[in-house]
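Two chains, two frames, a set of hints: combine them into the complex.
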Amino acid sequence: MINKIVQSMAEATADIRDNAVVLIGGFGSIGQPNALIEGLIEQGAKDLTVVANNAGVGHTGLARLMEVGRVRKIICSYPRTSDPVVFAELYRAGKIELEVMPQGTMAERMRAAGAGIPAFYTPTSVGTKLAEGKEARDFHGRTYVLEEALFGDVALVEAWQADRWGNLTYRSSARNFYPVMAMAAKLTIVQAQHIVELGALDPEQVATPGIFVDRVVHVPYGEPVVT
Amino acid sequence: MSTKAAAETLAACKPWTREEIAARAARDIPEGWYVNVGIGIPVLLPNYIPPEREVIIQSENGILGMGPSPPDDKINRWLINASKKYVTLVPGGSYVHHADSFAMIRGGHLDLCVLGSFQVAENGDFANWTSAGDDMPSVGGAMDLAAGAKAIWLLMDHTTKNGDSKVMRRCTYPLTAVGAAKRVYTNLAVLDITDNGFAVRDLAPGLTFEALQDVTDAPLHLTN
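Same order as they appear, the protein sequences are chains R and D.
The working numbering puts the last residue of the first sequence at 227; the count rises by one with no breaks.
The working numbering puts the last residue of the second sequence at 224; the count rises by one with no breaks.
Isolated chain D (complex conformation) (with noise of 0.2 Å):
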């Protein structure tokens, strides 16, 4: 394909919106894990766990068992999630402190963490806490959950408002951590990091293998 035609079936494409890409990712995680979402699109995520579908959801500020926002009659105001805004607690949550909650983190004990990012790099490199030219560097609890949860993806645009691919070769930006990205959901598509690098796991509904390649700075493999 042409990289004209490429241009097309962009253009024709219906990109995942942010509450899709959240969807999708959701849809994938196992009844029993437990998982901490991040700020950025993952904050959505949760939202869309099937009901019948038991999955544990940890916040790093000390809450196991983070339930939805809210109704407005109903919030207690002294619970709030990493993003600073009112959740609430499922039946059989708990509370811990800040050294217990990063025990679970840093201690292996997540089976994921859903993670926004600036860029990904195919090695499984990733970059989303601070960018060439920002002055107030904000890490937060992405580097402890980046190193100690079982796995991560991340939950990204494809491009950054230039077009510029944020699916890289190398990440030009400071790591997040090394090597410990393992999928990552995108506006366009849904990509594992393996061996070999990026491999295609799903497309945005009209969009080619060709044309997805064609904004993507990294080589792209078709998953066997």
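Just chain R, same shape as in the assembly (with noise of 0.2 Å):
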């Protein structure tokens, strides 16, 4: 019997590796596993890169694992938050690197990398800044920049309904990056405030299939904060 249910957050944080490059998903305060976290914190692994689309904020979830300075590398699209004072301190200090990168690009580099395709031409970003040094290639007269594959060695998932084979859904935003960062990554890493019965999921309602997941624990936290 397939059951990809573990029971505690260390079975879910387990073989976590320095050095892993870790997808966080979640767009301001929705969707954010912020359970996954604090369990990534107490597992203890160190040096990581994290691909999330802020730079976290205040001094939970991804700002608290860059303040307890677990974070090597930031890959985002947008540090400057309503309040992303945990990173802008490191960063300023030199204790973090950042990569900016555009949000569709940086969505895209994952689908790729769980798709299976190595590189692709995108016509965002040409003639500017984060072009430079990017191969470029014109097609039917529009010029386009070459972008790789990003893959993760983890990627950390909230999402709204769970069963056993890691079928999931989500609900409105919260749905965001995660269908791609569960494509992009080795192991895939799910906290859901609800569990159900295998087929008990509308399979129209499916947002990730379970060949996307690895492991599922339940975290019913209730209703998010904006903040």
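It should be emphasised that the hints constitute simulated quantities derived from the structure, not laboratory data.
Cβ coordinates follow ideal geometry from the N, Cα and C atoms, glycine included.
Don't take each hint at face value.
In silico lysine to aspartate or glutamate, EDC-like type, Cα no more than 20 Å apart, as pairs [to be verified]: (1) K84/D with D83/R; (2) K129/R with D134/D; (3) K84/D with E223/R; (4) K73/R with D135/D; (5) K85/D with D15/R; (6) K85/D with E223/R; (7) K4/D with E210/D; (8) K95/R with D135/D; (9) K46/R with E97/R; (10) K186/R with E223/R; (11) K129/R with D135/D; (12) K182/D with D217/D; (13) K73/R with D47/R; (14) K134/R with E148/R; (15) K74/D with E223/R; (16) K95/R with D47/R; (17) K161/D with D195/D; (18) K95/R with D134/D; (19) K85/D with D73/D; (20) K46/R with D83/R; (21) K14/D with D195/D; (22) K4/R with D18/R; (23) K73/R with D83/R; (24) K4/R with E148/R; (25) K150/D with D195/D.
Chain D stretches covered by chain R per the calculated footprint, using a threshold of three residues with CB under 8 Å from any CB of chain R [as the list claims (entries may be wrong)]: (26) 53-67; (27) 73-79; (28) 88-98; (29) 131-142; (30) 170-182.
Below, the structure is given as structure tokens:
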């Protein structure tokens, strides 16, 4: 019997290694896998490279992971959020590396990684600082830049419902990067608000099929708080 | 007109407010268009689309058919826009993941993207993601939107707080995209970007063409 549901955070976060590339979804305060991040802090892996849209808010979740010194580098599209206090201090002190990338390029690089596409050409960033040093090529009279697939060692996912095969649903804008991050990582770990029986999810509603998921832990934390 | 006279008409004119800039742009969006709105003044735009007109708003975090902010007792706590504020979904709206959202954006499926900007140039270049001395450059989805939407309109102040023109011959800040902007709505004017540069479509109440030129780095033209 396939059962991807684990009973403890220690089981959920086992085998995450130092120097891992960790994909962390969420957009704003919605869909942040904060329980898994707490588990990762407890687990102890360090020198992590984190891929996330923002660089953490306040002192919780991703910001906390950075504050306790586990993150060597962050790859994100928008570090300047409402309260990036932890990141700003570390960055200005030279204690964390930053790579800024267009949001759609970030999403597509992970989609490509999950889909077996090693690289692709995009019109995004052509003629800007972010295209410097990148291979460019013309197709049908327009210039594009080459972007490579972005793989994760681990993805930390927050979902609404999950079953024991790892089929997932999300709520509203909490879906954001998760379907592509789940595809792009070697080890995809999910915290789910609701665990349901196999067969209970409407197949038309499954946004991430279980083939992309390795572990699920039940975290019924309730409603997100917008900060 | 002398520079002094131009300065006097500028002082006497009534610049559009942020809300009026958003409302002015909203009136120009035809029914049926799919539109992404960025942060800054554009966030206000959906509030001003005439209710009888169906315009579909896209938000890059996976919302197609975004509605206005909800009353306090109707908040969906899993639904926010790109500015991280609570929003609603209109009947017929749908959710997608980020790669599909940016496929809509980059794939040329949006009729229009409305963005804020630090600077815009007469060749359609614009700069809205990082300025000189910014140590935390934050691009978000701006470059994808600029590369992919069929048209880019910019909603912005005409000058900086110091009075320097943001409507330029050439941008001095790092570019978001080359030659992408098609129209600019400022607190002083509405400008089309044409093969000949900026063409003035509309002026704030009481403002003259000469006074506008006086506070604008780029040469302006009259629309025919």
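Against the structure, the hints:
Distance restraint check for K84/D and D83/R: the Cα-Cα separation of roughly 12 Å lies within the 20 Å cut-off, and the hinted pair is therefore satisfied. Between K129/R and D134/D, the direct Cα distance comes to roughly 14 Å. Compliance with the 20 Å bound is thereby established for this hinted pair. Distance restraint check for K84/D and E223/R: the Cα-Cα separation of roughly 15 Å lies within the 20 Å cut-off, and the hinted pair is therefore satisfied. For the hint pairing K73/R with D135/D, the CA-to-CA distance comes to about 16 Å; that is within 20 Å, so the pair holds.
Between K85/D and D15/R the CA atoms are separated by roughly 37 Å; this puts the pair beyond 20 Å, and the hint is violated. At roughly 15 Å between alpha-carbon atoms, K85/D and E223/R fall within 20 Å of each other, so this suggested pair holds. Proposed proximity of K4/D and E210/D is supported: the alpha carbons are some 11 Å apart, at most 20 Å. For the proposed pair K95/R and D135/D, the alpha carbon gap of about 14 Å is at most 20 Å, so the pair holds.
Distance restraint check for K46/R and E97/R: the Cα-Cα separation of roughly 14 Å lies within the 20 Å cut-off, and the hinted pair is therefore satisfied. With a CA separation close to 29 Å, the supplied pair K186/R and E223/R exceeds the 20 Å bound. A threshold of 20 Å between alpha carbons decides the hint, and for K129/R with D135/D the separation of about 14 Å falls inside it, so the pair holds. Between K182/D and D217/D the alpha-carbon distance is near 18 Å, which keeps this suggested pair within the 20 Å criterion.
A threshold of 20 Å between alpha carbons decides the hint, and for K73/R with D47/R the separation of about 8 Å falls inside it, so the pair holds. Distance check on the hinted pair: K134/R and E148/R sit about 10 Å apart at the alpha-carbon level, within 20 Å; holds. The hinted pair formed by K74/D and E223/R meets the criterion: a straight-line CA distance of about 14 Å does not exceed 20 Å. Restraint check for K95/R and D47/R: the C-alpha separation of about 11 Å stays at or below 20 Å, so the hint holds.
Between the alpha carbons of K161/D and D195/D the distance comes to roughly 29 Å, so the proposed pair goes past 20 Å and is violated. At roughly 18 Å between alpha-carbon atoms, K95/R and D134/D fall within 20 Å of each other, so this suggested pair holds. Of the supplied pair hints, the one linking K85/D and D73/D holds, its CA atoms being roughly 15 Å apart against a limit of 20 Å. Of the supplied pair hints, the one linking K46/R and D83/R is violated, its CA atoms being roughly 24 Å apart against a limit of 20 Å.
Restraint check: the Cα-Cα separation between K14/D and D195/D comes to about 30 Å, which exceeds 20 Å; the hinted pair is violated. At most 20 Å may separate the alpha-carbon atoms for a hinted pair to count; K4/R and D18/R exceed this at roughly 24 Å. At most 20 Å may separate the alpha-carbon atoms for a hinted pair to count; K73/R and D83/R meet this at roughly 19 Å. With a C-alpha separation of about 31 Å, the suggested pair K4/R and E148/R falls outside the 20 Å cut-off, and the hint is violated.
The straight-line distance between the Cα atoms of K150/D and D195/D is roughly 17 Å, inside the 20 Å bound, and the hint therefore holds. Note: the region 53-67 of chain D has 5 residues with beta-carbon separation from chain R under 8 Å; the three-residue rule is met and the coverage holds. Restraint check on the region 73-79 of chain D versus chain R: 4 residues with Cβ-Cβ distances below 8 Å, three needed, restraint holds. Against chain R, the region 88-98 of chain D contributes 5 residues with a C-beta closer than 8 Å to a partner C-beta. That satisfies the three-residue criterion, and the hint holds.
Chain R is given as covering the region 131-142 of chain D, and this holds because 8 residues of the stretch bring a CB closer than 8 Å to a CB of that chain, at least three being needed. Against chain R, the region 170-182 of chain D contributes 5 residues with a C-beta closer than 8 Å to a partner C-beta. That satisfies the three-residue criterion, and the hint holds.
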